[in-house]
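4 protein chains.
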Amino acid sequence: MSFDYNNIFKEIFLQIEQTQDRGKIADYIPELGGVDPNKFGVHLISIDGRHYSFGDSDELFSIQSIAKVLTLSLAYKLENQKLWKRVGVEPSGNPFNSLVQLEYDEGVPRNPFINAGALVISDMLISLLEYPKQEFIEFVRKLSNNNKIDYCSRIAQSEKEVGYRNAALVNLMKSFGNIDNEVDDVLDFYFNLCSIRMTNKDLAQTFMYLANNGIEPISGERILSLSKTKRINAIMQTCGFYDEAGEFSFKVGLPGKSGVGGGIVALLPNKYCIATWSPKLNKKGNSFKGMKFLELFTTKTELSIF
Amino acid sequence: MSFDYNNIFKEIFLQIEQTQDRGKIADYIPELGGVDPNKFGVHLISIDGRHYSFGDSDELFSIQSIAKVLTLSLAYKLENQKLWKRVGVEPSGNPFNSLVQLEYDEGVPRNPFINAGALVISDMLISLLEYPKQEFIEFVRKLSNNNKIDYCSRIAQSEKEVGYRNAALVNLMKSFGNIDNEVDDVLDFYFNLCSIRMTNKDLAQTFMYLANNGIEPISGERILSLSKTKRINAIMQTCGFYDEAGEFSFKVGLPGKSGVGGGIVALLPNKYCIATWSPKLNKKGNSFKGMKFLELFTTKTELSIF
Amino acid sequence: MSFDYNNIFKEIFLQIEQTQDRGKIADYIPELGGVDPNKFGVHLISIDGRHYSFGDSDELFSIQSIAKVLTLSLAYKLENQKLWKRVGVEPSGNPFNSLVQLEYDEGVPRNPFINAGALVISDMLISLLEYPKQEFIEFVRKLSNNNKIDYCSRIAQSEKEVGYRNAALVNLMKSFGNIDNEVDDVLDFYFNLCSIRMTNKDLAQTFMYLANNGIEPISGERILSLSKTKRINAIMQTCGFYDEAGEFSFKVGLPGKSGVGGGIVALLPNKYCIATWSPKLNKKGNSFKGMKFLELFTTKTELSIF
Amino acid sequence: MSFDYNNIFKEIFLQIEQTQDRGKIADYIPELGGVDPNKFGVHLISIDGRHYSFGDSDELFSIQSIAKVLTLSLAYKLENQKLWKRVGVEPSGNPFNSLVQLEYDEGVPRNPFINAGALVISDMLISLLEYPKQEFIEFVRKLSNNNKIDYCSRIAQSEKEVGYRNAALVNLMKSFGNIDNEVDDVLDFYFNLCSIRMTNKDLAQTFMYLANNGIEPISGERILSLSKTKRINAIMQTCGFYDEAGEFSFKVGLPGKSGVGGGIVALLPNKYCIATWSPKLNKKGNSFKGMKFLELFTTKTELSIF
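Residue numbers (this note's numbering), protein chains in the order written: chain A, 1 to 306; chain B, 1 to 306; chain C, 1 to 306; chain D, 1 to 306.
Hints in this document: simulated from the structure, not taken from any laboratory. Among the hints, erroneous ones may be present.
[Stated by the list, open to error] Just a few of them, taken from the derived set where beta-carbon distance is under 10 Å, the chain A residues facing chain D:
{"hint": "1", "residue": "I16"}
{"hint": "2", "residue": "H51"}
{"hint": "3", "residue": "Y52"}
{"hint": "4", "residue": "L83"}
{"hint": "5", "residue": "W84"}
{"hint": "6", "residue": "L99"}
{"hint": "7", "residue": "V162"}
{"hint": "8", "residue": "N166"}
{"hint": "9", "residue": "A167"}
{"hint": "10", "residue": "A168"}
{"hint": "11", "residue": "V170"}
{"hint": "12", "residue": "N171"}
{"hint": "13", "residue": "K174"}
{"hint": "14", "residue": "F176"}
Where a beta carbon is used, it is the ideal one built from N, C-alpha and C, also for glycine.
Start from the sequences, fold in the hints, and give me the full structure.
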């Protein structure tokens with residue numbers, strides 16, 4: 001089946017415009033709060049390399065938690081199955097759970113996409129890499145085929161200044177022996193990875209290896225084995241949207257990951273990768289319009305993993 | 001791609017035989033505890049109607065919680081989106097959560113596959129159907145193409161006698177106004193549906209409508225719309241294995257549902273439906289060998305939704 | 001030191017009248033909701049047998065949870081230290097804890113004054129007594145020196161009709177093996193004991209044995225040993241006011257017990273017993289005016305256990 | 001009533017010697033683990049100034065959490081009722097609650113004696129005092145009438161090195177806005193106050209102001225008002241023994257406070273103050289022999305607040 005995605009994008013956008021854009025932009029740091037809330041962009045890359053886009057798809061935004069899939073990929077590549085001794089693969093239940101669950105499970109986070117889990121993965125990469133921040137950004141540049149991708153030090157610094165809850169998580173895990181490096185080093189790496197900025201086009205390109213069985217499609221380089229690729233997609237499916245992962249799976253039916261910067265990336269294995277951006281977030285912290293857009297998109301195209 | 005599933009089954013079975021069959025048979029009621037723990041069966045039906053089986057695939061066993069997918073299907077067909085006002089679609093986090101979560105969320109269960117959720121669905125069907133038990137078993141007979149499928153009154157009675165925790169759940173939800181019928185009627189319906197007995201072949205056949213976009217393949221009758229079918233598959237994916245849903249998704253990569261009788265059913269949309277049975281359960285309450293078998297099966301065939 | 005309690009009562013009442021009577025009458029059953037919210041009464045009996053009263057101290061009201069001290073006393077008298085195998089003596093932490101804590105502690109309630117604990121005590125008395133309801137009310141009549149004290153069947157029936165949460169608690173504890181009798185029998189006994197009606201005068205008289213080292217002062221009969229008496233006072237001190245026990249201890253400094261009917265009883269060992277009644281409850285479920293009154297009373301008299 | 005406490009001490013000690021000294025010495029820092037586990041001392045000071053002692057009552061030990069009563073006293077003296085906006089007076093329910101409760105209550109600890117609460121009090125004192133550590137130790141010296149009382153920098157340093165959980169608590173509370181000063185400064189003050197060393201005699205003397213209506217008995221200086229004194233005693237009664245406060249109140253019937261160094265201090269208002277020391281702790285973290293000793297002591301003397 002082949003689709004005229006450009007027309008579908010337009011059609012859905014018009015439909016969404018008629019509903020009220022509920023939600024609230026993330027404003028806990030000034031750098032995020034300053035974004036124009038009316039921005040909306042989408043970009044799709046098909047497995048055969050065609051590009052389709054709509055709206056503000058060429059503007060840079062902060063990908064935030066979406067970067068957690070990339071740190072997980074790099075750590076999984078280097079650590080293999082050992083990685084799963086320090087972090088689980090189960091959905092976390094509810095947003096309040098983080099500290100509760102961590103205490104109950106003695107410092108082992110339920111999955112790599114809740115903050116605690118991403119902090120453990122950061123700790124691993126610091127131990128595994130000689131120049132952690134440099135090597136990680138180079139990994140991202142390779143995936144995105146864009147050498148300009150970089151950390152945003154302003155955002156990283158802003159997050160650090162209000163990052164007491166993340167400091168609480170790292171300290172709690174360290175008290176259980178699940179953090180090897182210094183607390184401040186882990187936080188520094190973590191706040192940097194969350195600060196990476198991309199366009200929708202970059203984002204869709206970056207995640208193509210997960211839609212393409214582990215192979216970065218432009219260079220043809222294998223990033224992850226088939227099995228690891230499927231497993232990362234499975235974790236995105238069950239844990240990619242905080243406490244709304246079930247809802248996203250139910251309504252959209254694709255593995256994906258969201259960030260509080262308003263971005264969402266999702267993919268249909270062997271078919272396409274799609275990235276959306278709209279800064280206003282629903283109560284669960286996911287882009288209100290992005291969620292709606294993807295729901296309508298898979299409904300209209302009748303394409304999902306189910 | 002076409003597979004000689006019979007050979008794959010044999011190969012995996014030999015591999016599993018070499019690992020120790022850990023786990024424990026469910027014995028909280030004598031009727032379950034009396035089963036031969038060494039039973040093992042598997043049955044696969046492909047979308048084009050071919051059958052493949054291995055081991056004790058023609059023996060009846062108690063499908064237990066697997067029936068929750070069938071009550072959900074019938075209730076969803078009749079209630080449509082209204083159903084989701086009384087039950088959520090999010091994974092439940094951890095096994096201890098049931099009562100905790102229910103109290104926190106004021107009587108609304110997180111999903112239809114935890115006990116609390118299945119009890120709410122039971123309550124709905126009692127309100128919606130004139131002869132609830134009769135009409136439900138007829139629905140199951142139609143899906144299975146087997147008129148002999150029935151409740152097992154011995155098992156239902158046994159469960160009722162030790163069902164104080166389920167009685168606690170119904171009473172708690174009734175205190176929040178999320179149960180309309182009498183507590184005893186809801187429990188009676190619920191214990192009956194858990195008591196249904198099937199063979200692996202029946203089970204695979206019964207779930208074919210979910211692999212076939214909502215259409216029962218032998219009669220060609222539409223059971224559910226395409227959208228509802230995908231959504232039930234999505235819930236199985238994220239919530240079908242209690243606190244091990246993430247693990248199953250991670251290792252197997254298929255939507256599925258397990259029961260404490262040792263049965264598991266899983267499906268690859270547009271490809272096949274597979275049912276396994278092995279009575280010993282791991283700590284999370286899922287069949288130890290069944291989980292292993294399905295993990296090896298999707299690894300060998302390299303077929304999963306991801 | 002000797003006090004003119006009558007004048008102190010009047011003085012405090014005038015002071016309280018000037019502050020707004022915040023709070024809400026308990027209305028989950030019509031029988032409680034129908035009470036005049038402006039009623040206020042207080043009655044004090046000193047260790048030497050003098051009576052002091054103010055306001056509506058001769059009107060009957062539903063003592064509700066205050067009766068839990070009396071069932072505990074009778075069960076403790078009969079069961080001795082064995083009783084503490086089935087219920088703890090620790091404060092419960094927070095109001096949401098009941099089911100959570102019960103699940104975590106496998107059916108053993110934290111103390112005898114949360115509902116779960118009182119239900120276990122009820123279960124004990126049903127096993128220990130030949131005619132449980134009759135023998136218990138006779139025990140209360142003896143303590144109160146008033147043969148007219150009785151259950152109120154209207155209130156008991158009303159509570160039963162909305163008592164699903166209590167039914168959830170009994171069922172949950174029975175699933176853990178901490179309830180011996182039939183669920184319905186335990187609930188029937190429990191709802192009856194909560195329905196007992198008394199005046200402030202009755203209430204103060206009934207609790208005099210706890211202020212008098214275990215001896216009912218009029219007959220001189222020993223009800224409890226000195227050690228058991230001190231221990232029940234200690235439990236009232238730490239657990240007598242739901243999630244506000246610390247607050248009551250902090251501000252009033254006496255062992256006591258409240259009920260959702262608006263009654264509070266408190267005592268200073270070897271000095272006096274005091275009962276107040278005012279139907280409007282604060283958010284924690286304790287009488288708003290009663291709490292205030294007792295705080296001012298111990299402040300003015302500078303008498304407390306500390 | 002007058003007692004020959006020396007004989008009672010001997011008698012109880014012999015009785016305790018016959019029971020096995022269960023429990024385990026706190027060894028999370030080498031400084032605590034190095035103590036001789038067989039040490040046992042007790043010291044009582046009566047309201048009329050007589051001293052009674054037994055065993056190793058003149059040896060220095062680390063008072064640990066007992067110091068929290070002293071920081072609370074100083075902060076309460078300076079901040080008055082404003083203090084209670086940042087910390088509650090309710091028992092904490094269970095030991096796992098700390099982080100859970102803190103998240104639920106948005107950074108306000110349940111009481112000043114759980115670690116989170118003592119950290120908030122530390123934060124207050126840092127803001128209130130010009131030279132916090134110096135001024136606090138002078139306050140303690142005044143209470144103890146012993147100018148040699150001091151922090152132990154070895155212990156403070158040891159605790160800091162493993163204090164990740166406390167760092168988690170401070171960071172979590174700072175994320176909710178309930179910590180004003182720098183995280184490291186709060187932790188430094190806190191670890192120092194826990195490191196103070198005293199003998200049983202010092203400890204009993206230090207707490208005499210709480211048995212004496214707020215007045216330090218040797219100098220006659222008022223330390224706290226009568227009302228504040230009663231309130232601190234009330235908090236010790238309900239929250240002084242972690243998750244065993246109810247048990248201590250039930251069996252001993254005195255306000256008191258324990259520390260993981262094996263010390264316990266308790267008092268009967270207007271009668272006496274008593275300090276015990278025995279390093280082995282029960283599962284709840286309270287001195288095994290100290291708890292037993294005080295239970296037998298109040299049983300034999302029949303003196304308690306109830």
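Hint check results:
1. Interface restraint check: I16 (chain A) against chain D, minimum CB-CB distance 34 Å, threshold 10 Å, status violated.
2. Hint status for H51 (chain A): violated, given a least beta-carbon distance of 41 Å to chain D, over 10 Å.
3. For Y52 (chain A), the interface hint is violated, since its Cβ never comes within 10 Å of a Cβ in chain D; the closest pair sits about 41 Å apart.
4. Because the smallest distance between the Cβ of L83 (chain A) and any Cβ of chain D comes to about 22 Å, over 10 Å, the interface hint for this residue is violated.
5. Annotation: interface hint on W84 (chain A) violated; nearest CB of chain D at approximately 23 Å, more than 10 Å.
6. Satisfaction of the interface hint for L99 (chain A) is found here, the shortest Cβ-Cβ separation to chain D being roughly 5 Å, below the 10 Å cut-off.
7. Annotation: V162 (chain A) was flagged as interfacial toward chain D, and the flag holds, the nearest CB pair being 8 Å apart, inside 10 Å.
8. Of the supplied interface hints, the one on N166 (chain A) holds, with its beta-carbon coming within about 8 Å of a beta-carbon of chain D, less than 10 Å.
9. Proximity of A167 (chain A) to chain D holds as hinted, the smallest CB-CB distance being about 4 Å (cut-off 10 Å).
10. Checking A168 (chain A) against chain D: minimum C-beta separation of about 4 Å stays under 10 Å; hint holds.
11. With a cut of 10 Å, the hint placing V170 (chain A) at the interface with chain D holds, because the nearest CB-to-CB distance is about 8 Å.
12. With a cut of 10 Å, the hint placing N171 (chain A) at the interface with chain D holds, because the nearest CB-to-CB distance is about 4 Å.
13. For the restraint placing K174 (chain A) at the interface with chain D, the shortest Cβ-Cβ distance is roughly 4 Å, inside the 10 Å limit, so the hint holds.
14. Satisfaction of the interface hint for F176 (chain A) is found here, the shortest Cβ-Cβ separation to chain D being roughly 8 Å, below the 10 Å cut-off.
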